[in-house]
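Sequences listed follow chains A and B, in order. Its first residue numbered 32, the first sequence is counted upward by one per residue in my numbering. Its first residue numbered -4, the second sequence is counted upward by one per residue in my numbering.
Hints were generated in silico from the structure; no laboratory data involved. Fair warning: this is a prediction, and the values are worked out from it, not measured in the lab. Glycine included, each C-beta is placed from N, C-alpha and C at the ideal position. Some hints could be false.
[What the hints assert, rightly or not] Heads up, incomplete: computed chain A residues facing chain B, CB under 8 Å, no partners named:
#, residue
1, 311
2, 312
3, 362
4, 437
5, 440
6, 441
7, 442
8, 446
9, 449
10, 452
11, 457
12, 472
13, 500
14, 508
15, 576
[Claimed, not checked] Far from chain A, by Cβ distances over 10 Å, these chain B residues were calculated:
#, residue
16, 6
17, 127
18, 131
19, 159
20, 174
21, 219
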Amino acid sequence: MTATHPDSSHAQYPPHFEPPHSSTWRLFFGPGLVRGAWMAAAGFVLGTLLVLVLRSWWSWDPVWNTEVVLVVGAMVAAPMGFLGGIGAFDYWLYYISGRPTRPEDHSGHGARGWRDYFRVNTDHKVIGIQYLVTTFVFFVIGGLMAMFFRAELAQPGLQFVDSQTFNGLVSVHATLMIFLFIIPAFAGIANFVVPLMLGAPDMAFPRLNALSFWLLPIAGIMFLASFIAPGGAFGAGWTGYAPFAEGQPLGQTFFNMGVQWAGASSILTALNFLVTIITMRAPGMTFWRMPLLVWANFTTSLLVVIATPFIAGSQFFVLFDRILHTSFFTPEGGGYVLGYQHVFWFYSHPAVYIMMLPGFGIVSEVISSMSRKPVFGYRLMALSLMGILVLGFSVWAHHMFVAGMADWLRVPMMITTLLIAIPTGIKVFSWTATLWQGRIHLTTPMLFALGFLTMFVIGGLSGIYLGSVPIDIAASDTYFIVAHIHYVLFGGSVFTIFAGVYYWFPKMTGRMYDERLGKWHFWLTFVSFNVTFFPMHYVGLRGMPRRVFDYDSAFGDLNFVISIASFVLGASFIVFAYNVITSWVRGPVAEANPWRAHSLEWQVSSPPPIFNFDEIPQVVGGPYEYGVPGARHAVMSPAREAKEVPA
Amino acid sequence: MRKGIVQLVAIGVVIGVLVTLVAVLFQWLPTSATEEFDRIQDVYWFATVMSIVIFSLVAAVVVYAVWKWRVPLDDDADGPPIHGHTGLEVVWTAVPAILVIALGIVSAVVLSENGRASDRPLQVKAIGQQFAWKFEYGDYGDFESGELVLPVGREAQFTMEAVDVIHSFWVPQFGQKMDAVPGVETTILVTPTRTGEFAVICAELCGLGHATMRAKARVVTQADFDKWVKEKQA
């Protein structure tokens, strides 16, 4: 049977479905950013009134409490108003209220012009690009913040900012990079690629997918808005340890609530990926024929769904301590200070894998197709992801070796932490074995993948140091930690994001990026990254604690070098931005399959058709059968004609 | 093939030597001033040797592969379809497992030695408060001091207390670090091995003055320590 193109039914709607109103009416009352803006304002007013009415009803003094008004009005009601306004709930509200719904209406699906990227869109490819563009905007903002406080750190003493602003910059930098860049950038790449790789027309829940995306800018704006709060941005670090965070100025609330929106976005997307991967695989696409990127996102989604509620809980408890005067983490009221850290790290350690496993998937795709060889040990690669998933939940307290937690917990946590090196090592060795005797195409994505491979090994090895309790006791809370996490999250995650963006750029945009500029970007980034972050191991071990605006003058010279290198690192992004933007506008038109890769996304046009596949592909073999004579991953013809060949 | 292996090993050795030079030519760790840090440094060197070997191995294969098997971008042949090798996979599962378990055992032994208090250690209470440290010497009456003074060669047991938020007691040359947590009593042992002046640094972000929350630490001879105590008691 041949799948009908769902778009072809579009013209058959009865006339009464046509919007009955004038264009001005639609501008203000139809779904879109204009309605989003006024409904956000209306939400704020309603939320504020609700607070004031209830407080005066119960005669609480004072009736006006800025923090409560902000939490209810600005951080709950206004975002809900915004989401309603842009139309994220329209379909469901129509359904609930019994008004006619149009399940086959695809007018909100796919992009016909640039405006379609600025509204609720149910096409996973549009959403993927929405995610990526949004997250790169926040990457730039977070990067500029880093360069700002690196300018402050170029010399000991205070030069440019005051102490609270410094703490705010450091905290918001980390928060944006984690919650608004690395996690959602991977979600963006996966959004675009995973349904295509599975042979599916879209994600399982396209409207939920659209909602997941629009939750994200809310979180980002909330984190940024904390800078205009009285008292300045939240300055307790991205870890927001209690009880310090509970005594912080108003800005801390923006963190507590922003994390909820970002977390909700992650959870909904992860659920969507899980259902999509379980139920929407094309005929013949067994789990053992899925590309490793799909495996990686499957594992990541499990991590997200299980772990993210814990950070939501930890931030709600802090918020309750702040505004409801509970005592979860205040010892005077019987609270347990270390309880915060246990709950927080029960999310935030798995979060490190949430920020790394999708990158593992990207690198497997890139290294395999650019070496023209099957991924070495495909099954063990997938199983090691699962191993990391399981072990990842048993190591959280290694962030607390000096926190004063129960002594007996340290050795077991150290053992599980060190054991994670085994599945991670399997992956690293398998990638190097994939290179062996390959025919290596040193394209930009491949450069970033190889850069990742070497830098991630450094980050992993410094992780071994930190996993060992005695070394951790000496190195914890110092710049050694800052070096370690940047080798893992920049040399690891960000390099893989760049690899992924370059690799799928022709598929996403239908145009080719400039290879020469891509190589410049890689080498500038690679060198300045190392000059920025490698010396941090040294200053940390020698005695420079993290999160300080002032430090021993003995570290002055090295910090100056680090700051200069960080500016070069920041500038290297300009090469990327220029390359991507100009190539997107007027780059050479890309072929459907410029890398001659086997997975399904390359078997359709660039960019893919609006519903991905004009006919359902029949998967007949593994995705990496490079060099196997006559091997195919899929046949793009009707299912019943396909012949099964052993994988 | 044999020539290839020799070349690969040569690259690995060159990288290994370079990385080893980086590891030994710079003094990465502060000069130890305690028995505890001496032991921690042994673990550090164990981990460093392990890291040098693993990094050199991976980097050598990457460099060798790119040097040996790089093809022009318009090359359209495929590599050999090698799907895996069970023996190799067993080796690179087992060898790292042995290495990390060895590191784990060494670490656990050192941790236990660094945590075993002798009969009568010098009791010092370290009190962290935004943004200063205070030290109390319960054995010598109830005086307190803004500077930390320890006799050389005598084990000191610190009990941490935090008045407001979490702080962290750290002297880089002591190698030991422990958070002072409101409502939780934490302890740490330090046995100074040389006299000198050091800095007590707060290592946990605690507020606007965190960067400047420092105290002076002095390790002195027993005689000087007794003299200092007398002055303080007076």
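Hint by hint, here is what the structure shows:
Restraint check, residue 311/A versus chain B: the minimum CB separation of about 27 Å is more than 8 Å; hint violated. Given the 8 Å rule on beta carbons, the hint for residue 312/A is violated: about 22 Å separates it from the nearest Cβ of chain B. Interface hint status for residue 362/A: upheld, as the beta-carbon distance to the closest one in chain B is roughly 3 Å, under 8 Å. About 10 Å separates the beta-carbon of residue 437/A from the nearest beta-carbon of chain B, more than 8 Å, and the hint is not met.
The beta carbon of residue 440/A is not positioned within 8 Å of any beta carbon in chain B (closest approach about 12 Å), and the interface hint is therefore violated. Because the smallest distance between the Cβ of residue 441/A and any Cβ of chain B comes to about 7 Å, under 8 Å, the interface hint for this residue holds. With its C-beta approaching chain B no nearer than about 5 Å, residue 442/A sits inside the 8 Å limit, and its interface hint holds. Annotation: interface hint on residue 446/A holds; nearest CB of chain B at approximately 5 Å, less than 8 Å.
Because the closest C-beta pair between residue 449/A and chain B is about 4 Å apart, less than 8 Å, the hint holds. Hint status for residue 452/A relative to chain B: holds, with the closest Cβ pair at about 5 Å, below 8 Å. With its C-beta approaching chain B no nearer than about 6 Å, residue 457/A sits inside the 8 Å limit, and its interface hint holds. The interface hint given for residue 472/A is met, as the beta carbon of that residue sits about 6 Å from the closest beta carbon of chain B, less than 8 Å.
Annotation: residue 500/A was flagged as interfacial toward chain B, and the flag holds, the nearest CB pair being 5 Å apart, inside 8 Å. With 8 Å as the threshold, the beta carbon of residue 508/A comes within range of chain B, its nearest partner Cβ sitting at about 4 Å, so the hint holds. Because the beta carbon of residue 576/A sits about 5 Å from the nearest beta carbon in chain B, less than 8 Å, this interface hint is met. Non-interface call for residue 6/B relative to chain A: holds, since the shortest CB-CB distance, roughly 13 Å, exceeds 10 Å.
Once the 10 Å rule is applied to beta carbons, residue 127/B is consistent with being away from chain A; the minimum gap is 15 Å. With a minimum CB-CB distance of about 18 Å to chain A, residue 131/B clears the 10 Å threshold, and the non-interface call stands. Not every CB of chain A is more than 10 Å from the CB of residue 159/B (nearest about 8 Å), against its label as outside the interface. The Cβ of residue 174/B sits about 5 Å from the closest Cβ of chain A, inside the 10 Å cut-off, so the non-interface label is violated.
Separation of residue 219/B from chain A is adequate, the least Cβ-Cβ distance of about 25 Å exceeding the 10 Å criterion.
Going down the numbered hints, you'll see the structure goes against 1, 2, 4, 5, 19 and 20, while the others check out.
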